[in-house]
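J.: My request is simple: use the sequences and hints to build the entire structure.
If you read the sequences in order, they're chains D and G.
End of the first sequence = 126 in the numbering used here, gap-free, step of one.
End of the second sequence = 1079 in the numbering used here, gap-free, step of one.
Do not rely on the hints blindly, as some may be mistaken.
[What the hints assert, rightly or not] In silico DSSO-like pairs for lysine-lysine, Cα to Cα no more than 30 Å straight-line: (1) D/Lys71 / D/Lys117; (2) D/Lys64 / G/Lys1047; (3) D/Lys88 / D/Lys117; (4) G/Lys1002 / D/Lys118.
Please keep in mind that the hints were generated in silico from the structure rather than gathered at the bench.
Read off the chains here:
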Amino acid sequence: MKIDIELTQEPIARPQTWPVPHNPETGSLVEFYGMVRETEGEAKIPSLRYEAYASMAEKVMREKIALLEKKYSCQAIRVVHRVGVVSKGESAIYVGIQSKHRREGFLMLQEFMDEFKKDVPIWKSA
Amino acid sequence: MKVIFFAQSREAAGRDEYVLETAKPLTETEFWAALVSALPALAPHQKTARLARREEYVLAGELLFPDDEIAVIPPVSGG
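T.: The following block contains the structure:
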């Protein structure tokens, strides 16, 4: 499985461009953009600051993906997470998964994000 | 033993890292006792933070060795 992970201070473009040639076997590209909400409860939030233990974050992500790819036969995954200040409406994370059919892509994306939120050492603060 | 801090643990510690002097391996309980003794503001983090060594979470029961670099990982909130 092709794995592409990036932590960046730059804005995450929507839509994302994949830096790899299209796989002719790919029939599905499932994408998720996690965005900074303008409100959290009653509070208005102009931006959030993200910081990462970068080397461990990438290692944990690769371990999660290695386990998930045994369950779901996907062809490629691209993960981009922003660090630094992210303004409301901007994306903090992008995850894209290419697979032959949509089902494994949706399932892997959902499970990857659940695992990401449990263990990947990245933190946000107001 | 070098200890590195992130996010809320760094704010509580007031620093990025700290060298915990020990000549013998420590249990996690002993580690926290020594760390909180040196940096009392970290006490609340003992209940919520996890420890990592060589970029992997420390498992229950594992010893921490004098030449380890230990990261104090507060609850994560990325994504």
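J.: Now tell me, hint by hint, if it's right for this structure.
T.: Structure-based check of all given hints:
1. Between D/Lys71 and D/Lys117, the direct Cα distance comes to roughly 19 Å. Compliance with the 30 Å bound is thereby established for this hinted pair.
2. A threshold of 30 Å between alpha carbons decides the hint, and for D/Lys64 with G/Lys1047 the separation of about 25 Å falls inside it, so the pair holds.
3. In summary, the hint linking D/Lys88 to D/Lys117 is supported, as the alpha carbons are separated by about 20 Å, within the 30 Å threshold.
4. A C-alpha spacing of about 25 Å is found between G/Lys1002 and D/Lys118, which places the hinted pair at or below 30 Å, so the restraint holds.
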